[in-house]
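Residue numbers (our numbering), protein chains in the order written: chain A, -13 to 112; chain B, -13 to 112.
Bear in mind the hints are in silico, worked out from the structure with no lab data behind them. The beta carbon of each residue, even a glycine, is placed where N, CA and C say it ideally should be. Some hints could be false.
[Unchecked claim] Stretch-level coverage of chain A by chain B, calculated; a stretch enters the list once three of its residues show a Cβ under 8 Å from a Cβ in chain B:
1. -4 to 5
2. 10 to 24
3. 36 to 44
4. 64 to 75
5. 85 to 98
2 protein chains.
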Amino acid sequence: MSDHSDAAVVPVQAYEPPYYAAVFTTVRTQEQDGYAETNARMEELVKDIPGYLGMDHAQTPGGIGITVSYFRDADALTRWRDDLEHRAAQKRGRAEWYQSYTLHVAKVERSSGFTRAEVAQGPTEG
Amino acid sequence: MSDHSDAAVVPVQAYEPPYYAAVFTTVRTQEQDGYAETNARMEELVKDIPGYLGMDHAQTPGGIGITVSYFRDADALTRWRDDLEHRAAQKRGRAEWYQSYTLHVAKVERSSGFTRAEVAQGPTEG
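So that you can see chain A by itself, here it is in the shape it has in the complex (with noise of 0.2 Å):
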């Protein structure tokens, strides 16, 4: 069930604090017709809200997903929530796609990051 893009499985790394995190959570319906799309769509669009960061999602077959949006700003944050084709989106995951979810909005204060230094190369997960 790959709904989501397939990047490079490189999770969003730690930027400057400040900065914000929304943490959506969700448990999606059987009814997902058009979300594969209209999540793409999103994708794609968010990446054009100045002050963008990037995004972390992993979702558990048949359980939860997690997606984390990450920005520079509050600003850039209540760009995304206000764009009127996110909001048609939103409203048509409550109609159809999800059972329910949560949203957390977060100002991140601290933060850190790994990698293990023998592929600090590059990725070679195949």
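Take the given structure of chain A and dock chain B to it, following the hints.
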């Protein structure tokens, strides 16, 4: 690949802000001996931290894993960070289980939730 306890599939709810979210995104190595056991132990241990609110976890098979832990305040998060058994697990994670990870510690300023009206009585997903 179900490393995590099979709790009911319900995302952690929207608490009254402010509270803290620790977003931990990982890519794992091929070396996963002991991971499941340690992870289950950590999921139990964190429940003893006063101010712990809950945890969401999603794992894309062969891809990224995201764990978001929620805490009432920064003190609770610090206590979890400094737990000796947790620190030992983190150290082993860097030595064996994680290809790379990022940690974003953030203060939640706004939150909201949605549950489909027709299943408001409780989850029916099998």
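Checked hints:
no. : hint     : result
1   : -4 to 5  : holds (count 5)
2   : 10 to 24 : holds (count 4)
3   : 36 to 44 : holds (count 3)
4   : 64 to 75 : violated (count 0)
5   : 85 to 98 : holds (count 14)
Hint compliance for this structure: hint 4 alone is broken.
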